[in-house]
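Input sequences plus hints: build the corresponding full structure.
Which chain is which? The protein sequence lines are L, B and D, in order. Under numbering that gives the first Met the number 0, the residues of the first sequence are numbered 0 to 461, in order. Under numbering that gives the first Met the number 0, the residues of the second sequence are numbered 0 to 396, in order. Under numbering that gives the first Met the number 0, the residues of the third sequence are numbered 0 to 261, in order.
Since the hints were made in silico from the structure, they are not lab data. Do not rely on the hints blindly, as some may be mistaken.
As the list claims (entries may be wrong) - In silico DSS-like pairs for lysine-lysine, Cα to Cα no more than 27 Å straight-line:
hint, chain 1, residue 1, chain 2, residue 2
1, B, Lys56, B, Lys319
2, B, Lys319, B, Lys350
3, D, Lys219, B, Lys302
4, B, Lys323, D, Lys74
5, D, Lys74, B, Lys319
6, B, Lys305, B, Lys323
7, B, Lys302, B, Lys319
8, B, Lys302, D, Lys224
9, D, Lys104, B, Lys350
10, B, Lys302, D, Lys213
11, D, Lys227, B, Lys305
12, D, Lys104, B, Lys305
13, D, Lys104, B, Lys56
14, B, Lys305, D, Lys224
15, B, Lys350, D, Lys74
16, D, Lys74, D, Lys104
17, B, Lys323, B, Lys350
18, B, Lys56, B, Lys323
19, D, Lys212, B, Lys305
20, D, Lys213, D, Lys227
21, D, Lys227, B, Lys302
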Amino acid sequence: MNLGPGVDALARFLAGPEPAWWASALAACIVWLGPLLLIVLPIAALGQIIERKVAAAMQRRHGPNTAGLDGLVRFLVRCLCWFLPRATQERLTARLCRLPGMQLARRLGLGQLVADGIKMLGKEDLIPGNADGWVFRLAPYLAMCGALLPFAAIPFGQHLVALEVPVAALYVAAAGGLTVIALFMAGWGSGNKFSLLGGMRAVAQVVSYEIPVGLAIAGVVLWCGSMDLQRIVASQYNAHWASFLGWNFFQSPFLALLAVILFVAGLAECQRTPFDMAEAESELVSGFNTEYSGLRWGLFAMAEYAEMFLVGAIIATLFLGGYQSPFGEPAIIALPAWLAALIHALMLTLKASALLFVMVWLRWTLPRLRVDQVMRLCWITLVPLALLALFGVALTMLAAGSVAPGSAYGRIPALPELHLTPLAHALAWVLPVAIAALLIVLARRQHGRLHPDLARLSGAGR
Amino acid sequence: MSSDLLIENQHGERMRLSMGPQHPATHGVLRLLIDSDGEVVSRAVPDQGYLHRAIEKIGECVEWAQFVPYTDRIDYVCAMNANLAYCVAVEALLNSDPATAVRVPRRAECLRVIVAELNRISSHLIAVGAMAMDLGAYTPFLHGLAQREAVNDIFEKLCGQRLTYNYVTIGGVAFDLYPGAEQEIASFLDRFEEEFRRFNQLITNNRIFRERCAGVAPVSAEEAIAWGLVGPNLRASGVDWDIRRDEPYGIYGELGVRVPVGRGYAGARGRVGDCYDRYVVRLLEIEESVRLIREALRLLPPKADKPSDPLGGHQADVGKQLRKPPRGEVRVRTEAPRGEMGYVIVSDGGKQPYRVRCRTGSFSAVGIFEHLMRGIFLADIVTIIGSFDIVVPEIDR
Amino acid sequence: MILAWINDIYEGVASTLAGMRLTWRFFWENVRRRGGATAVTRLYPEQPAEVVGERVRGHLVNDAARCIVCHACDKACPVDCFVMDLERTADNKPRASRFDIDLAKCIYCGLCVRACPTGSLSMTPAFEVEPRHQGQPFLFRRNSAQLQLRLAEPDMQRLRQLSQLPRAELSAEDRAWLDSVTDPAGEHLIGIFGLGYYTPEQKAAVEAERARKKAEAAAKAAAAKAAKEAAASPPAAASAAAPAAQASSPQPAAPAPPPPAS
Chain L
0 MNLGPGVDAL ARFLAGPEPA WWASALAACI VWLGPLLLIV LPIAALGQII
50 ERKVAAAMQR RHGPNTAGLD GLVRFLVRCL CWFLPRATQE RLTARLCRLP
100 GMQLARRLGL GQLVADGIKM LGKEDLIPGN ADGWVFRLAP YLAMCGALLP
150 FAAIPFGQHL VALEVPVAAL YVAAAGGLTV IALFMAGWGS GNKFSLLGGM
200 RAVAQVVSYE IPVGLAIAGV VLWCGSMDLQ RIVASQYNAH WASFLGWNFF
250 QSPFLALLAV ILFVAGLAEC QRTPFDMAEA ESELVSGFNT EYSGLRWGLF
300 AMAEYAEMFL VGAIIATLFL GGYQSPFGEP AIIALPAWLA ALIHALMLTL
350 KASALLFVMV WLRWTLPRLR VDQVMRLCWI TLVPLALLAL FGVALTMLAA
400 GSVAPGSAYG RIPALPELHL TPLAHALAWV LPVAIAALLI VLARRQHGRL
450 HPDLARLSGA GR
Chain B
0 MSSDLLIENQ HGERMRLSMG PQHPATHGVL RLLIDSDGEV VSRAVPDQGY
50 LHRAIEKIGE CVEWAQFVPY TDRIDYVCAM NANLAYCVAV EALLNSDPAT
100 AVRVPRRAEC LRVIVAELNR ISSHLIAVGA MAMDLGAYTP FLHGLAQREA
150 VNDIFEKLCG QRLTYNYVTI GGVAFDLYPG AEQEIASFLD RFEEEFRRFN
200 QLITNNRIFR ERCAGVAPVS AEEAIAWGLV GPNLRASGVD WDIRRDEPYG
250 IYGELGVRVP VGRGYAGARG RVGDCYDRYV VRLLEIEESV RLIREALRLL
300 PPKADKPSDP LGGHQADVGK QLRKPPRGEV RVRTEAPRGE MGYVIVSDGG
350 KQPYRVRCRT GSFSAVGIFE HLMRGIFLAD IVTIIGSFDI VVPEIDR
Chain D
0 MILAWINDIY EGVASTLAGM RLTWRFFWEN VRRRGGATAV TRLYPEQPAE
50 VVGERVRGHL VNDAARCIVC HACDKACPVD CFVMDLERTA DNKPRASRFD
100 IDLAKCIYCG LCVRACPTGS LSMTPAFEVE PRHQGQPFLF RRNSAQLQLR
150 LAEPDMQRLR QLSQLPRAEL SAEDRAWLDS VTDPAGEHLI GIFGLGYYTP
200 EQKAAVEAER ARKKAEAAAK AAAAKAAKEA AASPPAAASA AAPAAQASSP
250 QPAAPAPPPP AS
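Right under this line is the structure:
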């Protein structure tokens, strides 16, 4: 079996030099589940708290801050130190609760996470009378699958990838598309008109936004000459100490534009404001998950944050150097393999989390688009822009040769070399940006008039 | 199950959606019966009456002065203006007979303008904030609410309550300013102007917000008059009409109220009288209210010892007049944040009104809903409700 | 057309960035000052709402010693939340043998306080409705059976005394008696006359405040008199001193004794 060096090594470790298929499968599962359990699921669970805290700070509120971990500590002390006298237990609890981290946990409302979890588990699992039973029950699990399956192909490190296939980019886009089926199942199965409308909106929106997503991925594939995510990451390697200079985002303004398009389309794919048509609480009550409660609702919520993290990870992988560190990447590669893997996994997590934060940030800034405007944005703005950027990427490549190699990682065969001299690089940036700026100035002059009353209201005249 | 969803075959293959009375965006308990073909609404009919409390009937059973706290409950978002409308109406009744004429002290008139305009600011903040929230932007609403709380703090110090003030009384106001109130109001206005600019940077000029409102449900000037729209909803359609300027009561005549009207603020895609105009007209009214408060503070005569002092007092004595008011009928209208709040009061000379009839802005606005909500998107319904600034207890009373 | 398209994109991006800059500013202010120092909200039970101003209309309270059972409040009340009975003391002074305020009916409009000629009715700065809340000895619940209960003066004294002690310190007998006249689980939230709605400290504070205001008013009146002598004064408006219009001062300088209600 050839599932990539990391998985193969693990399989050989499990079942000898010639591992059976089941050993390979087991190894792949372990490599898939490791980052999933250690990184993705905790972040998906934390997402709710992050969202609430960020929203609170932006709205000058406190947010969740009363549920600390004190009760949990007391409970654990009672359970673990049952043999001690009660007074000693209390003293121990008090001392533990005085630790500085505990206060921080309380202020951050981390206890809310535990409380919410217990509440979700304890809630009645309501199924409406005219729900389509198994469709309704299955949908949340499918949503979770759609959010977690793509992580199998996302490289968290040089060897930390479960599914190292040559068409990984395609697989990620395809597996991520599973969520929309879950949303539509939820909308249809609930037997509620608001849910049905939410499900319809979700389908229309996600199917449309697959196109800019596909075009953005195509741009990177064109630039790097591969659909293998490992190879795409490797091609962004730069031996300079400021290794972020090698990232795709900084290679060409067209790639940067594609990154933005992918981010916007990714927002739409995971139904986040300003594209939260499927949920739209002021229009559709709660859209597709109106009728869900308890654990099933919790799964939807987790899937939402897992998917946001996924979008962040995909953008990081394609445009922001994947698991590479922005500085001193050559030194990190020279470290022992396990340490490098740790740092790499951390780097990808940080990048994806930063993008997740931007998504949360956007949600508490922007209003929601209307159905027709979502479609207009997709077909009239994003798709033409993506085509333009794709054309620009091709043009740049035509002008400069071909693509940078990932040979620093050794096992990846060298690709044809792209010779971008610093002058050409600068030119590749300056020319398109200058043209865009010129066009914007022209456009502003012709269409950008603001009524003086509005200008005064927002203090522009001052 | 699937066959249940597509019901009401008398309208063809249409879905009938009951939006409200429990719905996050219907501003209380308004209910809309919507016939829709997927996202496109073919017809929406408002269904009212979920908040009816027979306040007008109560008005016939309590004494003149006892009805003032009930006016708080007619429109609790701007209770000061609701108090004021009723008190102005009763004063007009008393003035219809020279024997019972009442002269409101000038200081009280200034205080009335100050509290009414402060409450107009806080009411409009709810209106524009809630509209932004209906459109999915949650943050501006809470920033607006923070400013509303600052106004409520001033009101709490002034009269002891934050929502149902019962501050304006027949013949004046219940309390004089507390020590340091002038400075506090002035400094609030300065702070508020800065916050208001931030609010507008955050949402008013936001492209998505403008796109959502531009050209949605435009009401022409003729339509607005024909459907009896009042207040900001009328002015947004370009009709230059404001009771404070055109039929002034109190000292509004001296203040020179400047009236903003809708001009198609949304630009190329907008039209005069669309949702964005209704929104912007409210913002401009907030701006104007700030100016009026400053002006009224400037005009405020110094405080006198006696509450009934005609210049510096805060409360003319009306106890005797109210026990034996003149017989007759008065119609008075005032400009509340949601438009004209008019009272028709019939007196049979007794201690209680014979009839109290109240006409409110939200009631006028809800009439045009069915006309506007045809062939629009489902999402536009919440935009329209938000832009007309519905307060449901005011509709039902 | 192309330019309009570009302008649309530019405006969308620019206004989004402007909004994000603002929200980031709020966010960063809040994070930097730690724990939401810029927050305008309160952590309610731990950080109680500070009472703003002196005119706060919390709960309606009757000061038994001052009440002359004139029914002015009863007449002013738009919702009829008062029930009161008159009795005469040994020296023929009017006194309330019963003064119930049905707080479930009360709409906290304050008309009765403005109407009260002796200043015995006032509204507390405290507004919590939870009877078990600390510092709230004056709110009692009664059940339907106890609603018409009338207490004799000695019982009133006893109730007043017991109500100020923590419940844990009461004897079993006292507790049983207290439960027979009030009911912690009762559905009628009632303030009962003579219970001493204030704690003694609160009462002392209120008395001191009233004395201070009275002295202030007297000083002011003297100053005004002096000023009047200096300048020609405008004719004083005739004041019928109708109780309903007594608005600003809870304690008129010289309360005219109204006719006792029969």
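For the pair supplied as a hint, Lys350(B) and Lys74(D), is the alpha-carbon distance within the 27 Å limit?
12 Å, holds
Distance restraint between Lys212(D) and Lys305(B), which requires alpha-carbon spacing of 27 Å or less:
With a Cα-Cα distance of about 16 Å, the restraint between Lys212(D) and Lys305(B) holds, given a limit of 27 Å.
Holds or violated: Lys302(B) to Lys319(B), with C-alpha atoms at most 27 Å apart
24 Å, holds
Distance restraint between Lys74(D) and Lys104(D), which requires alpha-carbon spacing of 27 Å or less:
OK: Lys74(D) and Lys104(D) at ~15 Å, within 27 Å.
Given the hinted pair Lys74(D) and Lys319(B), is their Cα-Cα distance within 27 Å?
15 Å, holds
Measure nothing beyond the straight line between the CA atoms of Lys227(D) and Lys305(B); if it is 27 Å or shorter, mark the hint as holding.
Distance of about 13 Å is within 27 Å: holds.
Check whether the Cα positions of Lys302(B) and Lys213(D) lie no farther apart than 27 Å.
18 Å, holds
Against the 27 Å threshold, does the CA-CA distance of Lys319(B) and Lys350(B) hold or violate the hint?
Holds, at about 10 Å.
Within 27 Å, alpha carbon to alpha carbon, are Lys305(B) and Lys224(D)?
Roughly 13 Å between the alpha carbons, so the hint for Lys305(B) and Lys224(D) holds.
Does Lys305(B) pair with Lys323(B) here, judged by a C-alpha cut-off of 27 Å?
24 Å, holds
Keeping to a limit of 27 Å between CA atoms, is the pair of Lys56(B) and Lys319(B) held or broken?
24 Å, holds
Take the C-alpha atoms of Lys219(D) and Lys302(B), compute the straight-line distance between them, and say whether it is at most 27 Å.
13 Å, holds
Hint compliance for this structure: hint 12 is the single one not met.
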